[in-house]
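K.L.:
One-letter residues, chain by chain:
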Amino acid sequence: MRYLRLYRQFLSFSFSRSLEYRLDFWFRIIMDCIFYVVEIAFFMVIYQHTEILGEWNFDQTLVFVCGFLLVDAIHMTVFSNNLWWLPIYVNKGDLDYYLVRPVSSLFFLSLRDFAANSFLNLVIASGLLGWALMRYPEPIPTTNLLWYLFLLLNGALLHYTLQMFFLIPVIWLHSNRGLTNAFFSTTKLGERPDKIYPKWTRRILLFVFPLLLMAAIPARVLFEGPSLELVALTLGISAVFFLLMVSFWNFALRHYSSASS
Amino acid sequence: MNPALFLHLMSIESRRLLSYRVDFWITMILTLIVQLVVIWALWTAIFAESGKDIVAGWDLQGILAYGVFVFLTGRVVRGGDLQMAVATEIYDGSLSRFLVYPCNYCFTKYAQQLGNIFPDIFQSVLMALLIIPFMESSTTVDLNLTGILMCLPSIFCAHLLFFMMGLLPQMVAFWADNVWSLSVMMRMVTMLIGGATFPLSLFPDSMQSVLYMLPFRYLFEFPTLVLLGKVGIEEWITGIVSCLIWCGFFLLLLIPVWRRGTLRYTGVGI
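As you go down the protein sequences, you meet chains Y and B in turn.
Residues in the first sequence are numbered from 1 upward in steps of one, following this note's numbering.
Residues in the second sequence are numbered from 1 upward in steps of one, following this note's numbering.
Please note that the accuracy of each hint is not assured.
What the hints assert, rightly or not - Some chain B residues near chain Y, calculated using beta-carbon distances under 10 Å:
id : residue
1  : 26
2  : 38
3  : 52
4  : 180
5  : 198
No lab work stands behind these hints, which were simulated from the structure alone.
The beta carbon of each residue, even a glycine, is placed where N, CA and C say it ideally should be.
Extracted from the complex, chain Y is given alone in its bound form:
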C-alpha cells in the first residue's frame, strides 16, 4: 500500500511537470504518432510483395505490430523517462539521494517519472490495437484475447527488464551510450514476426535475449490459442530475467562508488 500511495504521488508530480513544457508535450505526441505510422507503413509496403510473412497474413501482422506499439507505448509512458536519467544520476553521483530513501531504490528510480505526454500515445496505441483487432476477419475467442492482453503487459515489463541489463553496466563503464544505442537497435529484432527467423536465431531470441516474448509470442497465443507451453515459456522466462536483473542491480550497487564514479 505504501508503494501504491507513493506511485500516486509520482503520477501527480509527473502530470504537473509535463505541462510546464507544453510545446514539447505536443511534439512528443506527434513524434510517437509518426513512429506508429512508420511501423505500420513498413509492413504495408512489404505486403505489397508477399501475401504471407513468417506464416502470418497482413491482418495478423497488423495485430502483431499494433501489439508491439502498445508494449512500446507502455514502456515510454511508465519507464522510459526514468531509464533515460539513470546513467546521468550514476555519473553525477545523484544516485546517492535515491539509495538513502526508505524505499526500494529500483522501484523509485524506475517509476518516479510517469511520462504524461506519452500517456496520450498509450491511448492512441490502444486504439490502434482495438482497430486492428476489429478488422481482423476471424473470430477471436475471449480467452485468447485476455491472455494476449496479459502477455502484452508482461511484454512491457520484459522490455524494461532487458533495457536495465544494458543500463546497469554504466556503474562500471561510466558511459553507456554505446550499450543504450545497441539496446535500441536490438529491439528491432522483436518488431518482426517470430517465424521469419531460422530455428537457431529464434531460440536465441526466445531464451537468451527474449525479445520475441514482448509481442510476437503473445500474438501467436492470440491466433493459435493459449497453449500451456507458450504461456509458461513466456511467463517463466520473463520471471527469470526479472529476478536476474534485480540481482544484477543489487550486485552493481555494491560496486557503485558515488560521485564522479
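Position chain B against the provided structure of chain Y, taking the given hints into account.
P.N.:
Chain B in isolation, oriented as in the chain Y frame:
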C-alpha cells in the same frame, strides 16, 4: 572560415568521438549484427513465401547487399552524435560563446559534424571489407571500383544535405525549450522515405513518383544505388546536382530562421 581552423575542429571532434572507444565499437558491432540478422531473415522469408525470384527489380542477394550497404553508408551520412548539439547549445545558453567567436557558427558545427564522420568511415570500410567476402553474387547489382569512386561524392553531398535538414528542427529551440522529439521525427521519416529501410522501388508506383521528387532519397537510397552500380553517369550527375540544389534550398530556409532566432536568443541558460 580559415581552412586550418576548419581542419583543426574536425580533428578535435574525431578524437573526442574516439575517447569512449568501448561505446564506439559496441554501437557499431551490435547494430551491424542486428541489421544483418533482420534483413537476412526478413528478405529470405519474403522471397521464400512469395515464391518470386525478383522483387521490385531486386534478387535476394541484391537486396541483402542493399540492406548492408545502406546501413554502412547511412551511418556516414547521419554522422556521429551531433544531432542535438545545436538545440542543446541554444537551450543551455552555450551558444553565446560561439556567437562571440570570430568564425561562422554553422561552419563550426559543420566542421565538427565532418570530424564526426571520419571514425564512422573507418568503421564502415572495415565492416564492408569483412562482409564482402561472404556476399554471394547477384544478377541485379554490380559492386565495382567505378561505383565506389562515384559513391564517395554522393555520400558527402548526402551528408551535407542531412546536416542542413537537421539544423532546421534544431533551430526551433530558439522558440521552444525542448525539441529533441522534432529531430527524432525527422530521423524516423527520413529512414523510411529516404530508403534506409528498403529501396524506394518497393513502394507502390504512385508513391514512388512523389518520393522521387522529395530530397529524402538523396540521403540514403541514392548513394547506395550508386555504390551498387545501379546508377549511370548521367543519372549520377543529375542526382548530385539535385542534391546540391536541395542543400541550397535548405540554406535559404535556414538563413532567415537563424536571423530571427538569434534576435530572440537571450542566452538565459548560462
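K.L.:
Which of the listed hints are broken here?
P.N.:
none
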